[in-house]
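Asks: If you want the building blocks of each chain, they are given just below.
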Amino acid sequence: MAKIIGIDLGTTNSAVAVMEGGSPKIIYSAEGRNVIPSIVDPVSHVVGDVAKRQMVLKPKSTIFSIKRLMGKKFKDESVQEDTKWLPYSIKEGRDGMAVVEVEGRTFTPQEISAMILQKAKADAEAYLGTKVTQAVITVPAYFDDSQRQATKQAGEIAGLEVLRIINEPTAAALAYGLDKKNAQTVAVYDLGGGTFDISILELGEGVYEVKSTSGDTHLGGDDFDKAILSYIADEFQKEHGIDLRKDPQALQRLKEAAEKIKIELSSSQEGEVNQPFITQGKDGSPLHLNMKITRAKLQDLVSDLIEKTIEPVKQALKDAGIEKGDVDEIIMVGGMTRMPKVYETVKNFFGKEPNRSVNPDEVVAIGAAIQGGVLGGEVKDVLLLDVTPLTLGIETLGGVSTPLIPRNTTIPTSKSQVFSTAADNQTQVEINVLQGERPMAADNKSLGRFILDGIPPAPRGIPQVEVTFDIDANGILNVTAKDKATGKSQSVSIKGSTGLSKDEIEKMTKEAEIHASEDEERRKIIEVRNQAESIVYTAEKTLKDAGDKIKPEDKKDIEDKISDLRETLKTENREEIEKKTASLSETLQKVGASLYQEGPTQEAPKEQPEEQPKEEGEEAEEGEVVS
Amino acid sequence: MKKGSEKQIKEAEELALEIEELTNCWKRALADYQNLEKRIENEKKDFIQFSNRELIQKLLPVLDHFERADEHLKDQGLQMAIRDFKRVLSEEGLEEIGVLGQEYNPVEMEAVEVVEGKESGKVVEVAQKGYRLKDKVIRPARVKVTKVNEQK
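Those sequence lines, one after another, are chains A and B. Each step along the first sequence adds one to the number in our numbering, with nothing skipped, and position 181 is 181. Every number in our numbering is 627 more than the matching position in the second sequence, counting from 1.
The shape of chain A in the complex, shown without the other chains:
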């Protein structure tokens, strides 16, 4: 079954994604990146990161921003504008269309774009291990018929059957799972490397309708980098009287530093530009670039650029004939929307939190992949596999909640674990099925309980009770407890183990966070107590089984320590309990060792009973005592 890939064919960067296991995944390029720079050397057939590296050397044969020329006539105003700043040569081709000329050969924008698509296809094939022949490609909402047709042709040249051309904002909405069943108005704010687009979408009645689009074709991350670079260079010049922009090598380092600080200040309030030995002073002594920049300063530098995006937003709203209050959802696309100031500006304008949980560099390709999945029948509307919203477990000795299925496990799933008894001759265990994140049973929700009886009398820790949790695709939880010795089993079926309301889940998760430290303390005390009780049990059993072989003074010592530990167990003093447990355990070990030394003729005392449950301790935990 061939896969249909989704491609975001961008002005600056392109990305490719595919549906896998029911969810969209971004495909990393051969160079190990999540995007492919939309840069091509058509003569030597070099694409992406590698082409970017030779731009300085071959400015006339390294083609970038080709998307600006797609499906356009050479005489178009925008093309005429672009010829002024694009370093490669743009000519008039067949039917008056814009074409590029490289080393005497002409290439249509379709052919150049096809090379990017070919690379996307090759990367996808390498990832999937199979041939890829079909794709969904995205285009800006404002692309006209001729531009869309050109994009489709590019796909065909690349050997891809283009099943559909979809709008970038629609793809973004798809990636956010905004479905067309609930009528709503969505604003897609897309600030990329070189262009800014705003689109107003109307979802409903089974269609995604683009109501209006606006933007700025020459505003993006590159402008932000330039603003930061200028500031750093100006400051340096003020201090040292040297313009770093005039030294190509220093400029290169400066560019990198500007981009780095921009990213750094997205997550921290202050950052440092640190480039030692960046140039030489007039006297030949080395000069270092060392500068602290705060987020406030950065925001100051770029606030004009960010403000420039608001006017098109207003225009788009006006064209759509709606007020900003009518917008139900705002989606952030493009790497620049990671900048906190951009997010805040958009948030303040709409008075609403924008969506930005999907990686803004990948969101469009992901949406295209979802569309591909729908076309290929892989996605039925949107198939969602449920997960368990909260941890499921049972209550064990001391009121502890022992988890079996952790939260966020994809269902259907099942898990079993072996438990044991907590007391000698215990013939029944109670299984208390719990849901929640707290370590103590009492703080979690009990979904149901049942008793497994008829366990043959045996010392504690010997019986093996296997508890199995099984959740089917419908979210029905079956809990079975089985005594491995007799094969006897009991079970309970619980519906709605996943069907909690959102509020309930949130409340329970939050409570778990708030109580985390005190819960941990309580759990530790119980653990220590359980250990202490187990050692007391072992000690008493040793005295009973081998009492006559133990020296009287040792016997007295053990008895004293047992009663001492018993007293301490009545308190909540963890350290004291721990100390006395250790002391008793030590004495027991000494006595045990001397028992073995008495000679092989004597019947060895029964295996240190203490070790029995411990060896299996990994698996067999002690079950809840039922009196």
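What the hints contain is simulated information worked out from the structure, not anything from laboratory work. Please read all numbers here as calculations on a predicted model, not as lab measurements. Don't take each hint at face value.
No more than 20 Å apart at the CA atoms, straight line, and that leaves these computed lysine-lysine pairs for PhoX-like [what the hints assert, rightly or not]:
no., chain 1, residue 1, chain 2, residue 2
1, B, Lys774, A, Lys52
2, A, Lys297, A, Lys255
3, A, Lys255, B, Lys756
Residues of chain B placed beyond 12 Å of chain A at every Cβ, according to the derived structure [to be verified]:
no., residue
4, Glu638
5, Ile646
6, Lys665
7, Lys671
8, Ala696
9, Asn776
Here are the in silico distance ranges between beta carbons for each label pair [claimed, not checked]:
no., chain 1, residue 1, chain 2, residue 2, range
10, A, Gln531, B, Gly704, 47 to 57 Å
11, B, Trp653, A, Gly177, 16 to 26 Å
12, B, Lys713, A, Pro59, 32 to 42 Å
13, B, Glu647, A, Asp145, 53 to 63 Å
14, A, Lys318, B, Lys654, 49 to 59 Å
15, B, Lys745, A, Pro87, 20 to 30 Å
16, A, Lys347, B, Gly744, 51 to 61 Å
17, A, Ser44, B, Lys713, 53 to 63 Å
18, B, Gly744, A, Gly104, 17 to 27 Å
19, B, Leu663, A, Lys507, 16 to 26 Å
20, A, Ile263, B, Val751, 29 to 39 Å
Where is the CB? At the ideal position from N, CA and C, for every residue including glycine.
Once you have looked at the hints, place chain B on chain A.
Replies: Just chain B, lined up with the frame of chain A:
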């Protein structure tokens, strides 16, 4: 009678269709799963081999700084420290890409400046060293490349 059997046939057809659809979905899920298993296997190998990659990539600019400092200071102690630092990195599989005097190759090099020369496409100066980690380029070298001035 006839109506009943027609209904049954229709039902059977619908069921057959549903079975086909579900079988498809199941096969797809199974295929995705098997592919995932294979990929995880490969990624594990890569992970082990390249687990240091990110850390080393972060250390490279620091090494650049040291080497730049060395150019100015020519301090013997510093030189020893750099040598030691490089030894540790090379033990992890890091290797400098030799580019000087070679033909420009964009897979391993990034051109930062073009200078006039007798022949085109030769690397005449290294602005920033490039490195390979276990045969994979982790940072291309930044180089100055020659070009014949055709206007002359």
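Asks: None of the hints should be skipped; say for each whether it holds.
Replies: Results for each hint:
With a C-alpha separation of about 18 Å, the suggested pairing of Lys774 (chain B) with Lys52 (chain A) holds against the 20 Å cut-off. With a C-alpha separation of about 18 Å, the suggested pairing of Lys297 (chain A) with Lys255 (chain A) holds against the 20 Å cut-off. In summary, the hint linking Lys255 (chain A) to Lys756 (chain B) is supported, as the alpha carbons are separated by about 17 Å, within the 20 Å threshold. Non-interface call for Glu638 (chain B) relative to chain A: holds, since the shortest CB-CB distance, roughly 21 Å, exceeds 12 Å.
For Ile646 (chain B), the non-interface assignment is confirmed: its Cβ lies about 15 Å from the closest Cβ of chain A, beyond the 12 Å cut-off. Taking the minimum C-beta to C-beta distance to chain A, about 7 Å, the non-interface status of Lys665 (chain B) is violated against the 12 Å cut. Against the 12 Å criterion, Lys671 (chain B) stays outside the reach of chain A, whose nearest CB is about 16 Å from its own CB. Non-interface call for Ala696 (chain B) relative to chain A: violated, since the shortest CB-CB distance, roughly 6 Å, does not exceed 12 Å.
Separation of Asn776 (chain B) from chain A is adequate, the least Cβ-Cβ distance of about 14 Å exceeding the 12 Å criterion. Remark: the range hint 47 to 57 Å for Gln531 (chain A) to Gly704 (chain B) is upheld by a beta-carbon distance near 56 Å. Against the hinted window of 16 to 26 Å, the Cβ-Cβ separation of Trp653 (chain B) and Gly177 (chain A) comes to about 24 Å, which satisfies the hint. Range check, Lys713 (chain B) to Pro59 (chain A): about 35 Å between beta-carbon atoms, so the 32 to 42 Å window is met.
For Glu647 (chain B) paired with Asp145 (chain A), a C-beta distance near 38 Å fails the hint of 53 to 63 Å. Separation of Lys318 (chain A) from Lys654 (chain B) is about 51 Å and conforms to the stated range, judged on CB atoms against 49 to 59 Å. A hinted range of 20 to 30 Å holds for the C-beta pair Lys745 (chain B) and Pro87 (chain A), which are about 25 Å apart. The hinted range of 51 to 61 Å is satisfied by Lys347 (chain A) and Gly744 (chain B), whose Cβ atoms lie roughly 54 Å apart.
About 34 Å separates the C-beta atoms of Ser44 (chain A) and Lys713 (chain B), a value inconsistent with the hinted range of 53 to 63 Å. Distance hint check: the CB atoms of Gly744 (chain B) and Gly104 (chain A) are about 23 Å apart, consistent with the given range 17 to 27 Å. For Leu663 (chain B) paired with Lys507 (chain A), a C-beta distance near 35 Å fails the hint of 16 to 26 Å. In this structure the supplied range 29 to 39 Å holds for Ile263 (chain A) paired with Val751 (chain B), their Cβ-Cβ distance being about 33 Å.
Taken one by one, the earlier hints fail for this structure at numbers 6, 8, 13, 17, 19, listed in ascending order.
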